[in-house]
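Trainee: Residue strings, one per chain:
Protein chains: 2
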Amino acid sequence: MLIKHVVMSYRLTSLSSSNSHTLLNKAVLRRQLFLIRALAGDTELSNRKMAQQIEDVNAKVLEADAEHILRAITPSLDPNRHKGQAGKIAVVGGCREYTGAPYFSAISALKIGADLSHVFCTEDAAPVIKSYSPELIVHPVLQESYSVREEDKESISRKVLAEVDKWMERFDCLVVGPGLGRDPFLMECVSEIMKHAKDAKVPIVVDGDGLFLVTNCLDLVSDYPLAVLTPNVNEYKRLVQKVLKCEVNDEEAAEQLISLSKGIGGVTILRKGKFDFISDGTTVHSVSVYGSPRRCGGQGDILSGSVALFLSWARQYLSAADGNLNIKPVNPTVLGCIAGSVLMRKAASLAFCNKKRSTLTTDIIEYLGESLEDMAPANSYQDTN
Amino acid sequence: MLIKHVVMSYRLTSLSSSNSHTLLNKAVLRRQLFLIRALAGDTELSNRKMAQQIEDVNAKVLEADAEHILRAITPSLDPNRHKGQAGKIAVVGGCREYTGAPYFSAISALKIGADLSHVFCTEDAAPVIKSYSPELIVHPVLQESYSVREEDKESISRKVLAEVDKWMERFDCLVVGPGLGRDPFLMECVSEIMKHAKDAKVPIVVDGDGLFLVTNCLDLVSDYPLAVLTPNVNEYKRLVQKVLKCEVNDEEAAEQLISLSKGIGGVTILRKGKFDFISDGTTVHSVSVYGSPRRCGGQGDILSGSVALFLSWARQYLSAADGNLNIKPVNPTVLGCIAGSVLMRKAASLAFCNKKRSTLTTDIIEYLGESLEDMAPANSYQDTN
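Taken in sequence, the protein lines are chains L and U. Using the UniProt record's numbering, you'd call the opening residue of the first sequence number 1 and step up by one each time. Using the UniProt record's numbering, you'd call the opening residue of the second sequence number 1 and step up by one each time.
One chain only, chain L, in its complex shape:
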């Protein structure tokens, strides 16, 4: 059972040094005990056994003080800033078959507070994605094999890349994968886009079909510290098989996640599930805030857009703090994952309270703002001045 080895640590010394977040955070402790009981059953574990297990796994998985992190990295709103400074995100995805996923990802970034959100998709997908919202900037630049002749592929590929390159350096983060599909020609072009993003040091969040691409060509992200992979159960399984040449082992979940991250050169991995586990190959952080029991498609897309924006904000925060920090960890990709995860869970929880079984992804997106406000109030310029 997962509980045997992946129990949240009691010690949160490495997570927070501020007075408002005591070393032994009682609320977190209570939640951890609840989780332990929920996972293992009260009768299964004597207190002695539980203490032993906690001793065993201490420091393997740290329950992130996610709300504190989210609050710290979310920039204050300042009327002196201009358009773009709060974040410019681009989603690479959207093909003839899938149009909802890139929309969910891009609009989520906007609803959390990004200034601009772009989508690079196929020509077929563009009018549909545009129709979901006038807020998005949608570029119909990608092409799928069925619309391209063999002899034109090279020139079209060059053209696609030139179109994306025009924008690349303006982006704070790229999300690759939502609704990308698996067309071979499209995949080739997107591989090139990822290489250019890496060269330009633009962070990349990889989800959905982007993970299919990356699993088959690990070089696209390996050794790139600004890459984040956000696999679900099946995607994680395929990654483990490919990189570690073994099956997923929940008895050694923390160690395996660390090995997987190390195996891809220290990229950050957010393993989605009942609890989210995040690692960059050094430690494992968990976010276990309760979300929702609904598993409607599209929730992963909200997360990818959220992680992309928070990651950008974390980089801004770390760069402005200049070493004077009151949060740990200090890897912006890990901070982005933690903040994205807790926000997504809070919004899903509020949406579910309201809509119950009827909850859909669009309902969750509608609660992103309220959830963020609960954790990091906007306090307008007028209020604070």
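Worth flagging that the hints you see were computed from the coordinates, not collected in a lab. A hint or two may mislead.
Cβ-Cβ distance ranges computed for the label pairs, FRET-style [stated by the list, open to error]:
| hint | chain 1 | residue 1 | chain 2 | residue 2 | range |
| --- | --- | --- | --- | --- | --- |
| 1 | U | Asp223 | L | Glu370 | 47 to 57 Å |
| 2 | U | Gln316 | L | Val330 | 45 to 55 Å |
| 3 | U | Arg182 | L | Asp374 | 20 to 30 Å |
These stretches of chain U come out as covered by chain L in the derived footprint (C-beta under 8 Å, 3 or more residues) [claimed, not checked]:
| hint | segment |
| --- | --- |
| 4 | 82 to 95 |
| 5 | 103 to 115 |
| 6 | 132 to 146 |
| 7 | 361 to 375 |
The structure presented is a predicted model; accordingly, all values stated were derived computationally and were not measured. The beta-carbon is built from N, C-alpha and C at its ideal position, and this holds for glycine as well.
Using the hints, position chain U against chain L.
Mentor: For chain U alone, coordinates are given in the frame of chain L:
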């Protein structure tokens, strides 16, 4: 008059054995007496005559304990489950002319609690259906005669089938017909899709133009116990004419419905009307919960999507119960029809209370969640633990 033979039975022994649902369910009995009086007029029937009629038709039509059935088969929400486990539905329909119907059907399944809802439609219809909602996965794979040259038909037909086959085994149920149109080439392709669904043992709910197809080619569903037909007045009339070679006879409505179902090898038929009558060739169950007097187009599409999802849930429920049941009947297609019917009626009733003459299908869809919550509260994980 229908009342002469199709009166709801007083005996519900076969429907429920739980204490909370007594053998002589008083609420149902009151409703039945009300219906009898409403149909026949108080003055027409002496108590003696009424008793005689009840004696005559006893056990022919059983008023389903629909809410109990809906509650039993609706799965509890469990955070340990992952995407897809609460249901994956596909609608085959949507052409140049009709785009609303497949949307209504597919979105209804999602709003009741399915995890994923697909639509397979023509290339023209796809962008429009996609634009109604980013939650649906819309495949632009079907083609109509006007866009296909005679010599290409065979290869295109094979391609369409290959596209659908890629997904077939992932689906818990197929809905065939909403907004399908009657283009001959399209009908040929859809016939092949139905054959493949049958081979793969994927349940099929047939409505709208799908019923036109099936009425002309009964082999597509005959002897397939996982097929459900949901005819309205006219579609039922054509089915009776084709299968029983006679006209609809409301004096013998229950017997005729049973004969019709038997005549198609025991497929389940949901005869829509003021009351819904459901039979798989053995008994007839009725759902007479009051819905709405509005007859705006599209309500049948909500029903087909709902039946598809409830049918899938009923199969999961029956398989998990392993014979240890407290509901009858035990045919999942009949259970799905009963639950779909009562939910649709409840939602229509709430929508009408709110919107009156202005009630449209989208308004009814908005009440699916609340109606389901009334009958089968979601009780989040936190509540139950």
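Trainee: Next, verify each hint and record whether it holds.
Mentor: Hint by hint, here is what the structure shows:
Hint check: Asp223(U) to Glu370(L), Cβ distance near 54 Å, so the stated range 47 to 57 Å holds. The hint said 45 to 55 Å for the Cβ distance between Gln316(U) and Val330(L), and at roughly 46 Å that hint holds. Range check, Arg182(U) to Asp374(L): Cβ separation about 53 Å, and the 20 to 30 Å hint is violated. Under the rule that three or more residues need a Cβ within less than 8 Å of chain L, the assignment of the segment 82 to 95 of chain U holds, with 5 such residues.
Counting residues of the segment 103 to 115 of chain U whose beta carbon lies closer than 8 Å to any beta carbon of chain L gives 6, which reaches the threshold of three, so the coverage claim holds. Look at the segment 132 to 146 of chain U against chain L: 8 of its residues bring a Cβ nearer than 8 Å to a Cβ of that chain, three or more, so the hint holds. Remark: the segment 361 to 375 of chain U is confirmed as covered by chain L, as 5 of its residues place a Cβ nearer than 8 Å to a Cβ of that chain, reaching the required three.
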